[in-house]
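Make a model of the complete structure from these sequences and hints.
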Amino acid sequence: MTSLERAERPAVWAEPPAAIRFVQDSWTIAEGELRKLRHDPTELITRAVQPLLWLLVFGQVIANTRAIPTGSLSYIDFLAPGILAQSALFSAIFFGIAIIWERDLGVLHKYLVSPASRGALVTGKALAGGLRSLVQAAMVYALALVIGVHLRLDPLSVIGVALVVVIGSAAFATFSLVIACLVRTRERFMGIGQILTMPLFFASSAIYPISIMPDWLQVVAHLNPLTYQVDALRGLMVQGATESFPLALDFAVLSVTTVVLIAIAARLYPRLAQ
Amino acid sequence: MPPAIATRELTRRFDVLTAVNALTLDVQAGEVFGLLGPNGAGKTTTIKMLITLLPPTSGDATVAGHDIRHDPRLVRRSIGYVPQLLSSDGALTARENLMTSARLYHLPAADRRARIDEALEFMALESSADRLVRTFSGGMVRRLEIAQAMLHRPEVLFLDEPTVGLDPTARRAVWDHIRGLREAEGTTILLTTHYMDEAAELCGRVGFMHLGKLVALGTPEELAAQAGKGKSLDDAFTHFTGSGLSESGEQGGQYRDVARTRRTARRLG
Chain A
0 MTSLERAERP
10 AVWAEPPAAI
20 RFVQDSWTIA
30 EGELRKLRHD
40 PTELITRAVQ
50 PLLWLLVFGQ
60 VIANTRAIPT
70 GSLSYIDFLA
80 PGILAQSALF
90 SAIFFGIAII
100 WERDLGVLHK
110 YLVSPASRGA
120 LVTGKALAGG
130 LRSLVQAAMV
140 YALALVIGVH
150 LRLDPLSVIG
160 VALVVVIGSA
170 AFATFSLVIA
180 CLVRTRERFM
190 GIGQILTMPL
200 FFASSAIYPI
210 SIMPDWLQVV
220 AHLNPLTYQV
230 DALRGLMVQG
240 ATESFPLALD
250 FAVLSVTTVV
260 LIAIAARLYP
270 RLAQ
Chain B
0 MPPAIATREL
10 TRRFDVLTAV
20 NALTLDVQAG
30 EVFGLLGPNG
40 AGKTTTIKML
50 ITLLPPTSGD
60 ATVAGHDIRH
70 DPRLVRRSIG
80 YVPQLLSSDG
90 ALTARENLMT
100 SARLYHLPAA
110 DRRARIDEAL
120 EFMALESSAD
130 RLVRTFSGGM
140 VRRLEIAQAM
150 LHRPEVLFLD
160 EPTVGLDPTA
170 RRAVWDHIRG
180 LREAEGTTIL
190 LTTHYMDEAA
200 ELCGRVGFMH
210 LGKLVALGTP
220 EELAAQAGKG
230 KSLDDAFTHF
240 TGSGLSESGE
250 QGGQYRDVAR
260 TRRTARRLG
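Order-wise, the sequence lines are chains A and B. Heads up: the first sequence is residues 0 to 273, going by numbering that gives the first Met the number 0. Heads up: the second sequence is residues 0 to 268, going by numbering that gives the first Met the number 0.
The set of hints was computed from the structure by calculation and includes no laboratory data. Beta carbons are placed, not taken as given, at the ideal position from N, Cα and C, and that holds for glycine. Hints may contain errors.
Restraint ranges, calculated between C-beta atoms of paired labels, are given here [stated by the list, open to error]:
| # | chain 1 | residue 1 | chain 2 | residue 2 | range |
| --- | --- | --- | --- | --- | --- |
| 1 | B | A113 | A | Q238 | 49 to 57 angstroms |
| 2 | B | D166 | A | V255 | 51 to 59 angstroms |
| 3 | B | R130 | A | F57 | 38 to 46 angstroms |
| 4 | B | A113 | A | E14 | 13 to 21 angstroms |
| 5 | B | Q225 | A | L36 | 54 to 62 angstroms |
| 6 | B | A109 | A | L181 | 36 to 44 angstroms |
| 7 | A | A18 | B | E182 | 36 to 44 angstroms |
| 8 | A | W12 | B | R178 | 25 to 33 angstroms |
See below:
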């Protein structure tokens with residue numbers, strides 16, 4: 000056992016305080032996810048095609064029928080923020096698939112055995128889920144400009160939109176992660192993902208105003224975080240749009256939802272490796 | 000010197016199945032210890048408890064002197080783990096994988112690059128450092144995973160079926176690297192395997208696990224000798240458990256284990 004004496008083992012090396020570690024670890028995880036997207040942006044690009052179709056095809060057709068009362072806004076102006084929220088939701092809600100994939104491979108186990116806290120691991124994933132939706136936002140903006148949506152392009156509005164998109168997508172990505180922790184297999188996840196997306200989408204103000212919904216659906220819409228995301232986006236994105244709720248309330252609902260979901264996901268995360 | 004791993008009556012039940020049944024075991028610092036048994040014997044469950052991924056149903060254990068129930072974070076700082084499955088991220092390069100580990104373990108920023116270069120060199124991966132891991136062969140992935148698990152110089156390294164699915168050449172290369180590691184760092188290594196040649200090759204001591212229980216403990220030579228003159232470790236396993244290593248264990252979780260082993264084998268190519 001001479002090797003024992005030879006080994007100089009830094010049994011305790013200095014670590015930053017827990018709060019700083021949390022931030023650093025979250026960023027390490029998020030940055031890794033973003034690097035993956037840089038190595039292979041295919042998914043990002045294919046995901047960006049969907050909102051374009053909605054705006055171009057669905058938007059143009061419904062605008063022509065003038066069937067949906069959107070007040071002083073043109074329908075395309077009304078729809079653009081809704082489609083941005085929708086595309087961010089659709090890609091965030093399947094975020095959990097990647098986690099199940101990591102679990103099946105064993106990558107997840109390695110992270111859970113590292114000293115990083117579960118909260119930081121989940122926050123990093125949530126942040127990555129939020130940040131990658133910015134690419135979709137950029138695509139929607141570009142197309143919206145081309146088809147003549149009256150966008151607000153002052154820096155403050157654009158930053159506001161970016162924030163809302165990131166927080167909202169982080170919330171739905173974490174929601175997806177919670178589901179992944181509960182169902183644990185890809186097959187079950189796909190089914191549930193599909194079932195959840197539609198009600199979230201249709202019980203929100205994404206493609207029509209809440210006021211035209213039946214009463215019971217209006218109640219659901221008010222409990223749906225997507226409604227608040229769309230509301231904030233509409234106010235920040237489009238000239239002359241009015242919000243149904245104060246912007247501060249939209250931000251509060253989205254932020255609190257995200258934090259609560261991260262807390263739940265952090266508790267459930269270790270189940271994936273058991 | 001206190002044992003690197005100490006378990007006392009460590010037990011884990013899943014519904015009706017007792018996957019690990021009152022396991023009491025000491026692994027000394029610097030030892031390479033092998034847990035042997037067929038799929039479903041409780042080896043992986045044992046490891047998962049020791050590395051704080053799975054809470055025990057009852058019993059206690061310490062790893063590197065830290066209690067697995069009360070100080071899981073201290074345990075995690077002191078160990079490295081290479082799962083039976085793939086643990087390096089295929090969508091990242093080898094270097095990026097190592098950098099992620101270096102950051103999550105908060106290795107001193109000034110040392111990270113040097114430590115990573117050293118690890119790549121030790122595992123003979125320098126020339127592939129900036130390739131995406133998904134383009135690696137199975138043997139290369141294993142070496143990278145071991146490099147990653149060793150980056151923070153853990154006191155105890157856990158290897159779960161380190162060479163499952165590898166071809167003979169790659170297996171030998173992984174063995175050489177494990178031995179080299181132990182010599183260079185004095186790391187305590189606990190590995191599981193169902194290959195007797197692997198255990199005989201690498202381990203100073205082995206324990207036979209059968210249906211969740213530790214049924215025999217000793218050096219490979221001692222155990223073989225107890226089975227009779229001129230007997231192999233394989234014969235010893237049959238002697239102690241009453242069943243062969245490959246065909247025994249009709250207990251729960253079999254299909255899943257088989258599916259997983261095959262999947263891993265396929266991916267490792």
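When the hints from earlier in the document are held up against this structure, which numbers fail? none
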